[in-house]
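Novice: Once you have looked at the hints, place chain B on chain A.
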Amino acid sequence: MARTAKQRTDIQIAICGSAGDGTIAAGDILKQAMAKAGYNVIAFDVYPPEIRGFGKCIARARITSEQVYSLKSESDCLISLNDSHAIPHVSEVCKFGTVIYEDTPVSTVGEGAHVSSHLSPAHLPYGVAFREISERITSSARSRNIVAVGYLAGLYDMPAEVFHEVISGKFAGKSKELADSVGAAFDAGFQTGVDTFRLHFDRIGASGGKGKQTDLVMMSGNAAVVRGCLDAGIDAFFGYPITPATTIMEMLAREMPKHSGRLLQTEDEISAIAATIGAGYTGARAATATSGPGLALMTEMMGLGAMAEVPAVAFVSQRGGPSTGMPTKTEQSDLNLAVFGVAGDGQRIVLAPTNVEGCYKCAGKAFEMAEAFQTPVIVLLDLYLSNRYEAVQLPSKNPFAENCSKTPRKNASPAEYNRYKLTSDGVSPRAIPGETGRMHTVTGLEHDERGRPSDQPRIHEAMSVKRHQKLLPALKHPGVTISKRFGDKGVVDVGVLGWGSTFGEILEAMIEARKEGIRCSAMKVVMLSPLPVGPVKAFLDDCNEVLVPELNYEAQFASLVTGATGRPVHRLNRVRGTPMSVGEILDQIRQLVGHSGKIAAE
Amino acid sequence: MANTEHYVVIGNGVAGSEAARHLRQRDSDSRITMVSAGKLLSINRYELPKIFSSSADWRDFLLHPPEYYDEQKISVRRNTWVSHVDPTNKLLMLHHREPLSYSKLLIASGGGRYIPESLNQFKNLIAKFGTYEEAKSVCDALPRRGHMVMLGGDMIGLDLARSLVRNGYKVTVIGEDHLFWPHRVEAEQRQKFVAVLQDMGICVRTDVAITSIQRGDRNRPDRRIILDNNEVIDADVILSFCGLMPSLAFMAGAGVDIERGVLVNPQLRSTDKNIWAAGDVCQIWSPEENQYRFYYGWKNVKKMGRIAAFNMTGADESIDTVQNEKLVTTKSGEIDSPFWQYG
Chain A
8 MARTAKQRTD IQIAICGSAG DGTIAAGDIL KQAMAKAGYN VIAFDVYPPE
58 IRGFGKCIAR ARITSEQVYS LKSESDCLIS LNDSHAIPHV SEVCKFGTVI
108 YEDTPVSTVG EGAHVSSHLS PAHLPYGVAF REISERITSS ARSRNIVAVG
158 YLAGLYDMPA EVFHEVISGK FAGKSKELAD SVGAAFDAGF QTGVDTFRLH
208 FDRIGASGGK GKQTDLVMMS GNAAVVRGCL DAGIDAFFGY PITPATTIME
258 MLAREMPKHS GRLLQTEDEI SAIAATIGAG YTGARAATAT SGPGLALMTE
308 MMGLGAMAEV PAVAFVSQRG GPSTGMPTKT EQSDLNLAVF GVAGDGQRIV
358 LAPTNVEGCY KCAGKAFEMA EAFQTPVIVL LDLYLSNRYE AVQLPSKNPF
408 AENCSKTPRK NASPAEYNRY KLTSDGVSPR AIPGETGRMH TVTGLEHDER
458 GRPSDQPRIH EAMSVKRHQK LLPALKHPGV TISKRFGDKG VVDVGVLGWG
508 STFGEILEAM IEARKEGIRC SAMKVVMLSP LPVGPVKAFL DDCNEVLVPE
558 LNYEAQFASL VTGATGRPVH RLNRVRGTPM SVGEILDQIR QLVGHSGKIA
608 AE
Chain B
67 MANTEHYVVI GNGVAGSEAA RHLRQRDSDS RITMVSAGKL LSINRYELPK
117 IFSSSADWRD FLLHPPEYYD EQKISVRRNT WVSHVDPTNK LLMLHHREPL
167 SYSKLLIASG GGRYIPESLN QFKNLIAKFG TYEEAKSVCD ALPRRGHMVM
217 LGGDMIGLDL ARSLVRNGYK VTVIGEDHLF WPHRVEAEQR QKFVAVLQDM
267 GICVRTDVAI TSIQRGDRNR PDRRIILDNN EVIDADVILS FCGLMPSLAF
317 MAGAGVDIER GVLVNPQLRS TDKNIWAAGD VCQIWSPEEN QYRFYYGWKN
367 VKKMGRIAAF NMTGADESID TVQNEKLVTT KSGEIDSPFW QYG
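Protein chains in written order, with my numbering: chain A, 8 to 609; chain B, 67 to 409.
Looking at chain A on its own, in the form it has when it is part of the complex (with noise of 0.2 Å):
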C-alpha cells in the first residue's frame, strides 16, 4: 500500500515474554527498523532482575511521524511471546487494537490460561503459528521472536527492507547461513502478515516526510553516556556493576580500549569513586556509573571530591528504593541523595538530562563542568531514561571542549602558587602532580589556601563561600541547557514543573491540555544543584497554579523547589516502579484549572 504524507502514524507496539525469548532482541530489531526508515521511536524495555534468573521481558516501542516525547499509556498492539506474562497486560492495549499471540502452542495449555482468553471484546485477536512457521524455515523454534517482528510489519505495512538492514547488522559476525536463516524466518512471517485480513485501523503511514534516515541513530540513554563520555576524551573509567547503569560499564569496556582509555571494575563502589576522583587528580577525565545503592556508598568520597576540589563525574541511573529496593523498576527518589548526600557543606553540581540527546550532552558537559569548575559532577539518570530508546541525531561536529582546567600561570614561582588560592571567580588554578614548581597539599581536612589543614574559622568560613560560589557560573556553561520553558507564554492557568525522564510525558500532557484551551506551559529543569533559582521563580510568577510530577513518595523535587523558591506548588507523586502516565498529568492539569477558575476562553 502506499504511504502518503498526509497517513499521520503513531503506533506503540509492546512485545511480552519470558527471558530467552527473544524478546528485547525483537523489540530492538523493530525499533532499529522503523529508526532507519525515518520515523521518530521512542522505546523503553522492561527486563528482570539479573540476579532472579528468568522472568518476564516487555520492549516497548513508539513508532511516530511526529515528535512525541514519551510513550502512550495504551499500546496500539500487544504480541505475546509468553501469554503467563502478556496477560496481566492485555488491559493495557487500546480499544480496536490488536493482540498478536502463538496459537499453536506445543502442548495444552491450561483453562484459562491461553492469552486469548483475557481480551476485551474491543480488542481484535490474530493468532499466528509462530513456533510453526519458525520450525518449518528454520528446523528450530528459536526465531519465533523474528517471525513474530516479521508478522508485525507485514499486518502493520511496514517496510520489510529496513527490517533486513537490521537483521543483516546485527548478525553480522555470526555465521551467513546463521543470517540468512533469520532473514528467512522474518520473510515467512512478514508474508503470513501480508496475507492476514486486516481488521485494524492503524497501518503505518509516511515518516513525515523524511523519508529513510542513515544520520539518525537509535541508543538508549545509557548508550548516549557512554558516547558522550567518548566523545568528551574519558580517559579512566572505574565502576561496580549495578542495574540499572551496569551498561554503560559495558559499553565502554568495549569502546574505551579503542580510544586508548583504561576502564577497571574495582570490587566495590567505594573503590570506583576514589579511583575517579584519584585519577581525576592526576589530570585525567574520570568517570563512574552507578545506581541509588552506589551512590550512597559513594557519599564520603565525594565529600572528600568536593573538599579537595578534584574533578570527577558519576553517572548515578536511579532505581526503586530505598536499600536494594526494585532493581528493575524505574524511580527518581534519589534526587536528595545526588544533592544533598554528603557530610557538611558539600555542594557539587548535579545534572538531569530529559531524554537521549540529553544524556549524550550531560555527558559530555560534565567532564567540561568538573574540569571547569573543580568539583564532583553527577549525572543523574534513572531506569526509564537509561534503558530508554530514541531515534536521536548526533552533532556532526564534537561539541565537547578538550580541556577546561584553569592552569597556574606558567612564569609563576613556586612560591606563590596556591592550590587553593582564593580568586574572584573561586575557581583557583589548578596544577596537577608531577608539574615543576607546583607541589601542594591535598587533603580532606579543612585547609588554606596552600592546602595545609586548618581549622580557622576565618578560613574555613572563605573556603566554604569559594566552594559554593564557584559552582553558580555553572549555571550559565555554554552549549547546555540548564533550565527551559515550553508551551504558552506569559500567564497561564498551570504550569508544570519537571525534571529527568519524567518530562516526556509532562511535555505530552502539556500539549494536550493546551488542545483544550487551558493556557499551559511546562519548564524543565537539568541543573539541580545549584539550582537555577531565577528561571524558576520567573515561571512560578507566571503560572496560577503549578504541578510538580515525579517519580517519588517524598516529592524530593518540589521540595527543592519550595525551599529555594518560598513559593508553594501542587504534588503529584507515584512510585509504581512505572513511569508517569500522561493521562495522570493530565487530568491533575484539569483539576487544577477548575481549582484556580481560570481558563483562558472564559
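Derived by calculation from the structure, the hints in this document are not laboratory data.
Treat the hints with care, since some could be wrong.
What the hints assert, rightly or not - As a list, the in silico DSSO-like pairs of lysine-lysine whose alpha-carbon atoms are at most 30 Å apart:
id, chain 1, residue 1, chain 2, residue 2
1, B, Lys156, B, Lys202
2, B, Lys339, A, Lys102
3, B, Lys139, B, Lys189
4, B, Lys202, A, Lys102
5, A, Lys404, A, Lys177
6, B, Lys397, A, Lys102
7, A, Lys265, A, Lys183
8, A, Lys63, A, Lys102
9, B, Lys365, B, Lys392
10, A, Lys265, A, Lys413
11, B, Lys392, A, Lys102
12, A, Lys491, A, Lys428
13, B, Lys116, B, Lys392
14, A, Lys477, A, Lys491
15, B, Lys368, A, Lys102
Specialist: For chain B alone, kept in the frame of chain A given last:
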C-alpha cells in the same frame, strides 16, 4: 445460593448471539462464553450485501458494540474454534489446545458454503461470502460495474444478487439444481420465477453446466468459466450459493446424534441432555413431516436462539415446525421470500 452454570455457545452468529442475550436475561449470575472462529464480535451476516452500497467498516455490521459484552458479562472467545467436544466430561478442546469446561452447551456454529462435488476441484477459484472478511474481499475484488457469477442461486445468493444489480453490477446465475434453495419450487412455477429474476436484471442460465473454471488471462477479468456448450463466460468474482453445509466437524465422535445437522427435538435439545443446537446447524424433528429438517432464515434462526436459551434455563418451549415457506412475487414485480424477512 450461587449459580454455578457455565453456558458455552459455539458460534456467534444471529442464533448464538440471541441465545447469549436471553441466557443473560434469564440468568444474571452464571458464566456465559461464546466461541467463534472469526476475529470479530457478532455481526449480522444478513446485512453483508450492504457492503456494496454503503459501508465498508466492519463496526457498522456489529450486532452489539464491544461495551455490550462487558456490561452483560459475556465472554467472547474469538479467532479460535472447537476441535472436539467431550460430553462425558463436559469439556471442549479449543484449537489452540486450551480446554473449556461447560455445564450446558449450545451448538450454533451455523453452516458453511456447499460446493457440489463436480465443482469441488475449482474451489480455490470460488470466493466465499459468509463473513465480513470474505465479503470485504469480494467487494475489493469486484470492480465498479463488474461481473459476478453465482453458482447455484440459492436464496442467500439471490439476496446478494438483487443488491448487486441495484448497485450497478452485472450478475449471472448458473445452474438449476440449487436455484431458489431452500424453497422447493415446482417445475411449472420455476420458469415463472426465473423470468422474474431476469426482469430484476439478474441473468439466469439454467440451460448449461460448467465444464471448468480457470484463471483469467492477462488484462482480462480474473476468472473464466467454460460451459458445456463451449461458451466462455468471463467473471470478476465467482461465488457458490448451493445451500449450506452445517459446520459440525468438531462433533465427530462426541456421541451426539447427527445426520447432516445436529438432530434436536422441537425444544432444540440434542440426544445429550446438556447439549442444545440452534440455527443453520440443527435438524429439528418435524412431527408434521415425520422427519428431521432444517429451518432457515433470519427470523427462524433468531427464534431458535431465544428458545434454546429459554430451555437451557429451565423453560419448555418449542419451535413452530409448521411455517409458511412459499416463494412469492411482489406487486413491484420482484420475488420475495420469508427467508429474506429481516428486522
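Novice: Work down the list of hints and note, for each, if the structure agrees.
Specialist: Do the hints match the structure? See the list:
no.	hint	result
1	Lys156/B - Lys202/B	violated, 37 Å
2	Lys339/B - Lys102/A	violated, 39 Å
3	Lys139/B - Lys189/B	violated, 40 Å
4	Lys202/B - Lys102/A	holds, 22 Å
5	Lys404/A - Lys177/A	holds, 27 Å
6	Lys397/B - Lys102/A	violated, 47 Å
7	Lys265/A - Lys183/A	holds, 27 Å
8	Lys63/A - Lys102/A	holds, 24 Å
9	Lys365/B - Lys392/B	holds, 15 Å
10	Lys265/A - Lys413/A	holds, 29 Å
11	Lys392/B - Lys102/A	violated, 45 Å
12	Lys491/A - Lys428/A	violated, 35 Å
13	Lys116/B - Lys392/B	holds, 25 Å
14	Lys477/A - Lys491/A	holds, 23 Å
15	Lys368/B - Lys102/A	holds, 29 Å
Violation of the numbered hints given earlier is confined to hints 1, 2, 3, 6, 11, 12; the remaining hints are satisfied by the structure.
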